[in-house]
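Going down the list, the sequences are from chains A and B. Per my numbering, the very first residue in the first sequence carries number 6; after that it's consecutive. Per my numbering, the very first residue in the second sequence carries number 976; after that it's consecutive.
Since the hints were made in silico from the structure, they are not lab data. Heads up, none of these hints are tricks.
No more than 20 Å apart at the CA atoms, straight line, and that leaves these computed lysine to any residue pairs for SDA-like:
1) K1031(B) / G81(A)
2) K1036(B) / Q125(A)
3) K1032(B) / P129(A)
4) K173(A) / G1016(B)
5) K173(A) / L1023(B)
6) K1036(B) / L80(A)
7) K1032(B) / V82(A)
8) K1036(B) / P129(A)
9) K74(A) / K1036(B)
10) K74(A) / P1038(B)
11) K1031(B) / Q125(A)
12) K74(A) / D1030(B)
13) K74(A) / Q125(A)
14) K1031(B) / H135(A)
15) K1031(B) / V82(A)
16) K173(A) / S1019(B)
17) K74(A) / V1027(B)
18) K173(A) / L1017(B)
19) K1032(B) / H135(A)
20) K1036(B) / G77(A)
21) K1031(B) / G179(A)
Beyond 10 Å from chain B on every Cβ pair, some chain A residues (computed):
22) Q26
23) K74
24) E78
25) G102
26) D110
27) Y189
28) E191
29) G245
Treat the numbers as computed from the prediction; the structure is a model and nothing was measured. Even glycine gets a Cβ: it sits at the ideal position worked out from N, Cα and C.
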Amino acid sequence: MSLRVVFVTGANGGLGQAIAQAFLAESPDNFIWLAVHSRRERADEMTRKNPDRCRCVPLDVVSRESWQKAVGEILGVHARLDVLVNNAGIHEDALLGTMPVVAWDRVLATNLDSVFHGCQAVLPAMISQHSGRIVNIASLSALLAPAGQTNYAAAKAGVLAFTQSLAKEVARIGITVNAVCPGYIETEALARMDENERKTMQTRVPMRRLGRPEEVAAAVRFLACLEAGYITGSMLKVDGGIL
Amino acid sequence: MNSTATLAQDIKQMMVENLMLQITADEIGDEQALFGPGSLGLDSVDALQLVVALDKKYGLKIPDPDTARQVLQSVKTMTDSVAAHLNPSFSQPNHN
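Looking at chain A on its own, in the form it has when it is part of the complex:
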């Protein structure tokens, strides 16, 4: 196997860390670029532990210029980019009647605009290579559309439609574009919930437990692997059977 260059956004978070770790474990030939923004302590720790196999790169996912700079840095080092995982995301839940405009704007920009900017930034390299894997992290909210998440659900549903549309555009160039829809996963956001809320949430899951970030990362790694070359425009739920 030869070098595979992987770029993971939101790499300081729990899910981003698990995704990066999954690619590190997959093959010694994988090199992981960890996109970091406001926080980077865990990403820095990962690069300290794996100095020859991963590196941090600053990225503001809502900025087109920042994407161009980050991808330019990666291509400057490796002259190729094989996998993009659009994982960075936020949510600012509120009922629509009281949702501040900034909560709409920020959530749409961070969850959906970022995917547009990211894919545009990496596509020229992937087109030149005639190969590439893009995995977008959507959410079960895109399908369940729960109350209080008009912004988040709309953004993630947009990510799913974007994924299917782009997949058709670039299929014959050898680039696949897929999405993963995590359900209730043990991440920082859920860790902040009180115990009763967590228990209520678990009762909604047929498996009666929350998902682990590693279980989402495994789905991402699968969609990005060479053997998944005929899978594109797909959405893979990792939700313990909720939907």
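Assemble the complex: chain A is given as a structure, and chain B must be docked to it using the hints.
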């Protein structure tokens, strides 16, 4: 072969390789339309690949759809644009 003809041949070869055309470079006419009826039969995805390839091989940036429509009419229009970009006095393309 003069420099214009060499460049045109180079671009045709680039098209065959990048677009995985089932014809040879010699079968592509200099002024044959790339898109539309009676053309080479390329589509918008091919156009996207040509934009990327022209940038990578020659450094020719095609920043918007209007420019793409002008440049990507035929091998001749691509050759003229690349030549003008590389050197107004016209020189051989940079093979790298």
